[in-house]
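Every letter in the sequence shown is one number past the one before it in this note's numbering, and letter 150, counting from 1, is 612.
Please keep in mind that the hints were generated in silico from the structure rather than gathered at the bench. Heads up, some of the hints might be wrong.
Derived CB-CB ranges, DEER-like [as the list claims (entries may be wrong)]:
no., residue 1, residue 2, range
1, T534, V620, 21 to 27 Å
2, N537, A667, 34 to 40 Å
3, R631, A608, 14 to 20 Å
Cβ coordinates follow ideal geometry from the N, Cα and C atoms, glycine included.
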Amino acid sequence: MAKLLGDSDLMGHDVMARAIDVMELAFRARLDNKIVSPPRHHVAFGEHGDLVFTVGGILGEAPLAGFRVYDTFQNSKQSQIVAVWSANEGRLKGLVLGERLGAVRTGAIGGVAIRHLSSQNAKSVAVIGSGIQARTQLAAAAAVRAISTVRVYSRDVVNRNAFAEEMQRDLSVEVTPVDSVAKATMDADIVICATSSRIPILHTADLTPGTHVNTIGPKLVGGHEIGLDVADTAKIIATDAPEQARAYASPFFLAGTRHENRMIDLAELVSAPGRTRSSPEHITLFCSVGLAGTEVLLASALLDAS
Numbered sequence: 463m464a465k466l467l468g469d470s471d472l473m474g475h476d477v478m479a480r481a482i483d484v485m486e487l488a489f490r491a492r493l494d495n496k497i498v499s500p501p502r503h504h505v506a507f508g509e510h511g512d513l514v515f516t517v518g519g520i521l522g523e524a525p526l527a528g529f530r531v532y533d534t535f536q537n538s539k540q541s542q543i544v545a546v547w548s549a550n551e552g553r554l555k556g557l558v559l560g561e562r563l564g565a566v567r568t569g570a571i572g573g574v575a576i577r578h579l580s581s582q583n584a585k586s587v588a589v590i591g592s593g594i595q596a597r598t599q600l601a602a603a604a605a606v607r608a609i610s611t612v613r614v615y616s617r618d619v620v621n622r623n624a625f626a627e628e629m630q631r632d633l634s635v636e637v638t639p640v641d642s643v644a645k646a647t648m649d650a651d652i653v654i655c656a657t658s659s660r661i662p663i664l665h666t667a668d669l670t671p672g673t674h675v676n677t678i679g680p681k682l683v684g685g686h687e688i689g690l691d692v693a694d695t696a697k698i699i700a701t702d703a704p705e706q707a708r709a710y711a712s713p714f715f716l717a718g719t720r721h722e723n724r725m726i727d728l729a730e731l732v733s734a735p736g737r738t739r740s741s742p743e744h745i746t747l748f749c750s751v752g753l754a755g756t757e758v759l760l761a762s763a764l765l766d767a768s
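Using the sequences and the hints given, assemble the complete structure.
In structure tokens:
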């Protein structure tokens with residue numbers, strides 16, 4: 463019988479650690495052309511919004527197939543469904559419901575990027591934003607680096623204070639709320655930018671030499687939270703899905719710039735770590751746009767462990 467998991471089944475440090483391992487394997491399989499990951503598909507429902515589908519999985523000895531669907535309806539909490547099939551056996555393994563799996567998956571991809579692009583001695587993190595994506599990105603950073611201090615900024619004082627209290631308790635790391643981007647990023651080894659801002663709020667002047675920057679979600683020409691000057695400064699720009707970056711209805715924020723063809727597939731860095739930072743002074747940038755199929759792989763691993 464197919465299993466069913468919800469958000470409450472996806473809590474705890476062991477879930478993030480398992481998710482990062484799954485994503486690491488996924489990127490290695492991607493370079494071997496074993497990941498099925500077409501760009502996402504939007505189905506419009508007029509003025510109400512869209513249903514968004516990502517379909518994919520993995521080939522090989524234990525092939526998996528499945529999909530994730532979420533909505534962009536007004537006032538939506540963006541609940542999601544992830545369904546997983548065993549392609550060999552032709553059976554539905556199970557479903558994962560809720561909003562947490564997508565955030566854990568995205569956080570884990572960010573963790574893989576931090577593992578391969580940040581300094582191995584990184585200890586301090588700046589978090590810009592205080593939502594669920596900021597939480598899972600920070601949890602992933604703490605899973606792959608010996609983080610000792612964190613500073614968080616978001617516009618809402620109550621939210622950033624709550625974030626600091628919660629994450630300090632959960633990660634046993636000092637987390638300090640601050641009242642500006644500049645105060646958060648001062649001397650930070652890793653910067654996590656997880657906001658919905660449509661105007662640049664992070665610039666090169668906010669970064670220290672050697673910083674690694676993680677960004678999350680679509681950054682489009684018409685609205686993006688990081689300045690193009692960050693891309694100008696970055697020695698390496700990587701993404702988890704170049705094909706998705708090219709498939710947005712609106713152009714990706716680097717489209718038409720000299721950086722458009724500089725983006726490296728994260729899978730290449732995972733499989734060839736010698737291509738990562740060659741100087742401790744280099745600034746690196748990771749743009750997570752969502753590699754299709756990875757939700758299916760993570761859901762499968764969590765279903766197997768339940």
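Hints, one by one, checked against the model:
1. In this structure the hint that T534 and V620 lie 21 to 27 Å apart at CB holds, the actual value being about 26 Å.
2. Distance hint for N537 and A667: a CB-CB separation of about 37 Å, consistent with the stated range 34 to 40 Å.
3. Checked against the hint of 14 to 20 Å, the C-beta distance between R631 and A608 comes to roughly 19 Å, which is consistent with it.
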